[in-house]
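Assemble the whole structure, with the sequences as input and the hints as a guide.
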Amino acid sequence: MKRIGVTGHRGIPPEAHAHIRAVMRAVLCGHEGSMEALSSLAAGADQLFADIALACGAELTVVIPSGDYEDGFTVPDELARYQYLRGRATREVQLSFPYSTDEAYYAAGAYIADNCDRLLAVWDGRPARGLGGTGDIVRYARDLGKPVTVIWREGLERS
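Taking UniProt numbering, the leading residue of the sequence shown gets 1, the next gets one more, and so forth.
Rather than coming from a laboratory, the hints here were simulated on the basis of the structure.
Among these hints, one or two may not hold up.
What the hints assert, rightly or not - Quick list of the computed label-pair ranges, beta carbon to beta carbon:
(1) Tyr99 with Asp77: 21 to 31 Å
(2) Cys56 with Pro147: 14 to 24 Å
(3) Pro98 with Leu156: 30 to 40 Å
(4) Asp114 with Cys56: 20 to 30 Å
(5) Gly33 with Pro76: 36 to 46 Å
(6) Arg25 with Val75: 20 to 30 Å
(7) Pro147 with Ala22: 12 to 22 Å
C-beta: ideal position from N, C-alpha, C; glycine also.
Right under this line is the structure:
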């Protein structure tokens, strides 16, 4: 079974959505055989990835960084999307952190990188804004020798 993970920004500029969606769909729907998609279901790139992966027939594994992770969803639509996607997951990995901290987010990203064959990164190429951000997980995955596919539109700034 092919295992594809995701890391990416929560704030994606609207003008980048179509490009990101098209590249994710090409990767996820273009794969032959069974596939597992790993995501923490954060708003933005993670939820978009999970939607597309499920539409392409992948099994979804949700990696939950902390016991209070759901409390971090302050936008009702994003929380509802998280709960919906979590309910559609085949597997759930709950990390042992009681609270959502940068360390918990880093551990979740590292878990995804450790357990995937390929990592999709919705990343503007800039440094992470905090420990466990996209830039940190891309570096971690590359240090492991994992193939990383960066998806972004040149010249755009993340929100």
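Now the hints, each set against the structure:
1. For the pair Tyr99 and Asp77, the supplied restraint of 21 to 31 Å holds, since their beta-carbon distance comes to about 24 Å.
2. For the pair Cys56 and Pro147, the beta carbons lie near 18 Å from each other, so the given range of 14 to 24 Å is met.
3. In this structure, Pro98 and Leu156 meet the distance hint of 30 to 40 Å, their C-beta atoms being roughly 36 Å apart.
4. Between Asp114 and Cys56, the C-beta spacing of about 23 Å keeps the proposed range 20 to 30 Å intact.
5. For Gly33 paired with Pro76, a C-beta distance near 37 Å keeps the hint of 36 to 46 Å intact.
6. Between Arg25 and Val75 the C-beta distance comes to about 25 Å, which sits within the given range of 20 to 30 Å.
7. For Pro147 and Ala22, the hinted distance range of 12 to 22 Å is satisfied, since their beta carbons lie about 19 Å from each other.
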